[in-house]
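Engineer: Sequence:
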Amino acid sequence: MKYLFSAILCAALCGCATQATFFDKTTGAEYKGATNDTFGSTGAISADIDNDKYSGSWIYSSSGGAVGFNAAQPSSVIAVASTSGGGKINMKAESGKFIRCSFGFDEWNNTGSGLCQRNDGREYDLYLKR
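1182 is the number that the working numbering gives to position 62 of the sequence shown; each next residue is one higher, with no gaps.
Certain hints may be false.
Stated by the list, open to error - Cut-off 20 Å, straight-line C-alpha distance, at most; resulting in silico cross-link-like pairs (EDC-like, lysine to aspartate or glutamate):
(1) Lys1173 <-> Asp1226
(2) Lys1152 <-> Asp1170
(3) Lys1249 <-> Glu1214
(4) Lys1145 <-> Asp1170
(5) Lys1212 <-> Asp1168
(6) Lys1212 <-> Glu1243
(7) Lys1173 <-> Glu1214
(8) Lys1152 <-> Asp1245
(9) Lys1173 <-> Asp1144
Calculated from the structure, these hints are not laboratory results.
Quick caveat: nothing in here was measured; it's all calculated off a predicted structure.
Model the full structure from these sequences, guided by the hints.
Structural biologist: In C-alpha cells:
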C-alpha cells in the first residue's frame, strides 16, 4: 500500500517536459514547442513558429476534479488530487511578434488543448502532451 501511494505521488508531481504542437488555423501548418519541465505551476516554454523562435512563460492553476482510493482495501490508498485545470502561455520572438495562449489540461491523461493568438491576429490551435 505504501508503494502504491508513492507511485501515485510521484506521477502527480512529475517534472516531465510537455510537448506543445501549434496548428495554424489559416494554413494548417504544424509547429513544435516544449516546456523546460512542468514541476510546479509556472515555467519556461519555447517554440519555433513560422520561421520565428519564441520563448516565454506558462502558468497553470488546478481547478477541480479528484481521484480517490479506498484505504479499507489492501490494494488501495486514500489519495485526493486535482485532475484538471487551465493556464496561459505568453511568448515573444526577437522579431517583435507575440503569442498569447489559453489552455485547459487534464492531469490524469497528461493532455491538454487551447487556442493561441499572435499579435497580428493569426490564430493557432494548441495541443499539449506530457
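Engineer: Which numbered hints turn out to be false for this structure?
Structural biologist: 1 and 3
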